[in-house]
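4 protein chains.
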Amino acid sequence: MVTRLALLGAGRIGKVHAKAIAEDKRAKLVAVADAFPEAANAIASAAGCAVRTIDEIEADKDIDAVVICTPTNTHADLIERFAKAGKAIFCEKPIDLDVARARACLETVRQTGAKVMLGFNRRFDPHFQAVRREIDAGTIGKVEMVTITSRDPGAPPAEYIKVSGGIFRDMTIHDFDMARFLLGEEIETVVATGSVLVDPKIGELGDYDSASLILTTKSGRQAVISNSRRASYGYDQRIEVHGSLGAVSAENQRPVSIEVATKDGYTRPPLHDFFMTRYTAAYAAEISAFIDSLEKGTAPSPSAEDGLIALALADAALKSAKENKVVRVEL
Amino acid sequence: MVTRLALLGAGRIGKVHAKAIAEDKRAKLVAVADAFPEAANAIASAAGCAVRTIDEIEADKDIDAVVICTPTNTHADLIERFAKAGKAIFCEKPIDLDVARARACLETVRQTGAKVMLGFNRRFDPHFQAVRREIDAGTIGKVEMVTITSRDPGAPPAEYIKVSGGIFRDMTIHDFDMARFLLGEEIETVVATGSVLVDPKIGELGDYDSASLILTTKSGRQAVISNSRRASYGYDQRIEVHGSLGAVSAENQRPVSIEVATKDGYTRPPLHDFFMTRYTAAYAAEISAFIDSLEKGTAPSPSAEDGLIALALADAALKSAKENKVVRVEL
Amino acid sequence: MVTRLALLGAGRIGKVHAKAIAEDKRAKLVAVADAFPEAANAIASAAGCAVRTIDEIEADKDIDAVVICTPTNTHADLIERFAKAGKAIFCEKPIDLDVARARACLETVRQTGAKVMLGFNRRFDPHFQAVRREIDAGTIGKVEMVTITSRDPGAPPAEYIKVSGGIFRDMTIHDFDMARFLLGEEIETVVATGSVLVDPKIGELGDYDSASLILTTKSGRQAVISNSRRASYGYDQRIEVHGSLGAVSAENQRPVSIEVATKDGYTRPPLHDFFMTRYTAAYAAEISAFIDSLEKGTAPSPSAEDGLIALALADAALKSAKENKVVRVEL
Amino acid sequence: MVTRLALLGAGRIGKVHAKAIAEDKRAKLVAVADAFPEAANAIASAAGCAVRTIDEIEADKDIDAVVICTPTNTHADLIERFAKAGKAIFCEKPIDLDVARARACLETVRQTGAKVMLGFNRRFDPHFQAVRREIDAGTIGKVEMVTITSRDPGAPPAEYIKVSGGIFRDMTIHDFDMARFLLGEEIETVVATGSVLVDPKIGELGDYDSASLILTTKSGRQAVISNSRRASYGYDQRIEVHGSLGAVSAENQRPVSIEVATKDGYTRPPLHDFFMTRYTAAYAAEISAFIDSLEKGTAPSPSAEDGLIALALADAALKSAKENKVVRVEL
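Protein chains in written order, with the numbering used here: chain G, 1 to 331; chain C, 1 to 331; chain D, 1 to 331; chain W, 1 to 331.
It is possible that some hints are incorrect.
Intra- or inter-copy, both count: the list cannot distinguish identical chains.
Derived lysine-lysine pairs resembling PhoX-like cross-links, with alpha carbons at most 25 angstroms apart [said to hold, decoys possible]: (1) Lys28 / Lys15; (2) Lys201 / Lys263; (3) Lys162 / Lys296; (4) Lys201 / Lys218.
I should point out that these hints are in silico values taken from the structure, not numbers from a laboratory.
Predicted model, so just to flag it, every value in this text is computed and none were measured.
Pulled out of the complex, with its shape left as it was, chain G reads as follows (with noise of 0.2 angstroms):
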């Protein structure tokens, strides 16, 4: 039995889904929609499937499943919509960038039973996994300390800034995830420190382009994160685990690896300046894992309420910038 799935928004993220989805034997594209119709074709196109509206798909009792990549503040919506109409449903994160939103969508979540996953696509990362696979097999012992350095390339516009909720729920979100990802435990405390380093017109719009959060467990375990809107050197990305036995590590990831000497030194290329190179074998195992989760009946996972506690870690996170103080995770 092949998986039939429709696509909401044939955006940049839509067209990564499509050709994930094409390249999974177990699933077919039979439908894409989106409001620009230009970008719909040329997905439909390259996929072999039809354009439709969103009515249609979620009218049409052959599409069992929806890729929901539209903007994030239809997310809740659609979400709410298509649990109702009995689809399983991939969603780009976050749910909403307002929690009670979020809370609500996700209690429709519950009363349908719908399946939901959420688009942590780093989860999927095959170094990450790899780390976490130590972790599940106990080479380092008991997890005690987490460190997460994330840094973008480069600061998005200041329209992208106006819309995206802050920093914390835009960026530092994927870091909370893979905080939980790792930590075995969920989180108790946060303290967050934010700073405007890069570029004043960040902070004319009340957000942060530099942060620095710890974050705890009941036990006592530590996450550290370190975010920066702009890199130099490309999109730092790595991840530490430090446990009772040992610890484990993901380098960053560079387009090609090799190393050029002279009387400068040693120098290696910069590293991916873009998080869809740096993360392609990441959404095409993502997609693969919801698949996955349909075919076999299992719950997909990240699951909503997994992006529900992103969130509410974003929110406690801008309250302790804001009020400089240790917060208590309300969930």
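Fit chains C, D and W to the known structure of chain G by using the hints.
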């Protein structure tokens, strides 16, 4: 205009090329031929193309080019046949195990004016390509010494060794081509040392399993090649080029790049253990380069002549190892 | 002119300094004092110097400077005493575990005009020095975020923990100084999280064994410190500085840098397992810098004031961890 | 009992050995001789020892051993003279540039029963020692292939080249000894390729500046050596041993191990640019091993015979390069 291709040989490497063609929008696989119908059918159904005989493909005016992945002993015949039929040809290395046969084949190719590209896939590895770009950019000055380390994870079975043409024609041939790709000058002398250190059965078949070689060019540039049929730590594939202003090297590749630290030290995982996973990107780029040359009407590279030269170097190496002397290459 | 030095305290670290003095041609160790005659004799015979009492050293007009390596609770008294006696002073950190006592000591130092250098040895590590040189050279632009990882191979015995002043005054104090060395701005706020993950006995003594800290400066620069009393893989000492134009980091050090490749992967040996072997070069360079400042008549650095500030930061960290809040540093 | 040593030759390397002796408590430098009184005086005053003539040292019953650091053309004479005088001898490599002279010298040594150690300092490098320990521990199984890369930062002046004995006797000689140290079997054949790529003046003097060599042992083990008189990136000194169960390698060393990341990539500093800073630890350990062997009455290693064999290998290499053939080593 889409390039229409037929695949001759539906084995392991045939599948890889079929996939690469499917992902290139400028090309279309229209037919596949194989002595085993199941193999041909598998590719045909995945690629949505027809199963045909070699005769049919030869006669088909709508086929622009063939990709030859059949057994080595059929390569020269097929190249000649399809050159005469006016098709462009991509052929897996080698042209033939016998250099005289390869030379005769090349003569036919020249007479027909057919476009022939030889499958030295390693030239298309993104890391090795980046090494070459640094050389071309002059970063390391004039090339002086090339070092190639090339070791297989494990020795092939005796049946394969028997028909392989020996370590120099089967394994070192890739390194000869890589040395030429990097040296920037034709090789004049070869000295090779062969030993049986891995498996006595290989020695009983008259072959070596461990080899070291020095190649020199007219101006005195030197290349050193180190080969072994066994490397417990994976598929060892490194190149290094030393020049008047510096050096450039390409490191080994591994499936995941994590590091585990314990009381016993810091451990990274073993290398890729299979040439197909190691050179995945290279195989795709290779077919893309073939299609590119057909589209643009440029000469495909590496050419059939490159294939002949690598074979002549292998013959020189074998003579050197057997007679224990430095051998001047006859082209 | 040769600087004539006396050593107060002939323990482990005293021996290190005696050796450094012996290797510096500009200085001469003329006397050593210790409560244990055997310890003093051992250094005296190795260095060819006299054993004296502290009183004798204080009274000796021919001694230019003292190197204080006695127990922590004697530091402030000895600094005051030798400041009044007109000697230059090198003192192991900290001045005192009590910030008020340290402040009073500093006041005496100021009144006497004595030259005092505090033993923050890590500033003299050649790798960390090189990091600082890159910052000073402007290579990474404006400093924005500092990351310090500092983990001991194993926890000290309970007897030591009791008198250590706690993890922040004993262990993090080095990292506070390093953060100041690298940030280029004074620290204004500290938030610290402390946990007991390594050894419950440490918790019973009211101390922590695992800590994460965020420090901020006036302009919003941030430093993150990660501490643990245990690291199975050795003495983990890394620094990383991220700036507007790039980043610079110093890697961990190991006794030998080999790599073993087997079917289980590629393994490098564990790190140094002892601070004295890790910082051998730093200890020698530190004493050399002290002698240098005496010879040239420049102010020794790090100063007694640097010692006081690090202590104040430790106090702020302890308060932060105990009261679970962000603390503004009082200087 | 303290070993009393005299130093013959107070040049650059003599100073290094004098310092090593000063730091070893089991030994005492009692005299130094040099044709240049200033050089001898400098060491004498630093070490607190006497300046004497070679005749005086030869006659002095209180001197146990001599360390010969005089010009190469005096080595064989001095070894013979002090062997007859009943002294233990440490001599810098080589015994002589002429293998017949070296062989005659060795005969005298054998007749006197004198203890002679040859200064192949690289055997004592802590990293190379660690490589050897892994071989001895069986970690990589049976040794199969050794790879030695040995490149100088820059070519010596023509005056030095003239008296050096040529690249094989001057530079590769260290690599021959290292190959023997690692192969675990005597070398039977040598093939060498020499080119002039760095400096035409070197060619005019009849020497090479770039060389590649293959050495083989009876059982077929292979060693490859790559030499150049120039490496813009520093003093390139790497070894790698491949065996039946794995491989072990020692990386290049640099003065500081930092990494700078900018938009242009990740850069580590160049390597050491001088053999004395690269091999500081090796020189100290070498003298310590000599003193050790005298103290314990064991045979010093590497021996005078090791020196002779390395020289014979150099002769074989020169013959191979000149006559362009594989040469069987005559011992």
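**OP:** Could you place Lys28 and Lys15 in one of the four classes (within, between, both, neither) given a Cα distance threshold of 25 angstroms?
**Re:** For Lys28 and Lys15, both the intra-copy (14 angstroms) and inter-copy (21 angstroms) Cα distances are at most 25 angstroms.
**OP:** Measure nothing new, just compare the shortest in-copy and cross-copy C-alpha distances for Lys162 and Lys296 to 25 angstroms and report within, between, both or neither.
**Re:** neither (41 angstroms within a copy, 46 angstroms between copies)
Original post:
Using 25 angstroms as the alpha-carbon threshold, which applies to Lys201 and Lys263: within, between, both, or neither?
Top reply: between (40 angstroms within a copy, 23 angstroms between copies)
**OP:** Have a look at Lys201 and Lys218 and pick one of within, between, both or neither, based on CA distance no larger than 25 angstroms.
**Re:** Between copies only: 19 angstroms across chains, 38 angstroms inside a chain, cut-off 25 angstroms.
Hint compliance for this structure: hint 3 is the single one not met.
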